[in-house]
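Enquirer: Mapping of the sequence shown onto numbering that gives the first Met the number 0: position 94 corresponds to residue 93, and the numbering continues sequentially without gaps.
Keep in mind the hints are simulated off the structure, nothing from the lab.
The structure displayed is predicted, hence computed values, not measured ones.
Among the hints, erroneous ones may be present.
[Stated by the list, open to error] Below, computed lysine to aspartate or glutamate pairings styled on DMTMM-like, alpha-carbon distance capped at 25 Å:
hint	residue 1	residue 2
1	K27	E11
2	K102	D60
3	K95	E108
4	K35	E52
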Amino acid sequence: MITLVCRQLILEMAEKDASIRNIARTLKVSRNTVRKVLAKGSTPGQTKESQYEQYLPVIKDLFRECQGNIVRVQEELESRHAVIIPYQSLTWIIRKEGIGTRKKKRAGEYVFAPGEEMQHDTSPHNILLGGE
0 MITLVCRQLI
10 LEMAEKDASI
20 RNIARTLKVS
30 RNTVRKVLAK
40 GSTPGQTKES
50 QYEQYLPVIK
60 DLFRECQGNI
70 VRVQEELESR
80 HAVIIPYQSL
90 TWIIRKEGIG
100 TRKKKRAGEY
110 VFAPGEEMQH
120 DTSPHNILLG
130 GE
């Protein structure tokens, strides 16, 4: 998906009479992407919104209460709040909002001096053997 900044750059370059090929090469996107942006104009694509966004605080509380079991969240929404949300829509909302996901921590850092990790070292080292 193309970013809003890239979309604006394509439109600005097109206003300055840059060719499609030149725009694509400069921004490192395909020419078809440039054509699609120019065809749509300044209006970006519609972002998909859910009709169930209003229940987000309730979903978050139930997700915590049900210990991440989405089927139980769906059942509790229906029994307690009389809200019927299809399973696919419920999982989409949970993924979109990042409910129940933790940010991954960096595992560590690897530092190798040149030649220390020989089987993966592809750096160009010149050595002298027999005067050559």
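Enquirer: Hint by hint, say whether it matches the structure.
Expert: Going down the list of hints, with the structure as the test:
no., hint, in the structure
1, K27 / E11, "16 Å, holds"
2, K102 / D60, "20 Å, holds"
3, K95 / E108, "30 Å, violated"
4, K35 / E52, "30 Å, violated"
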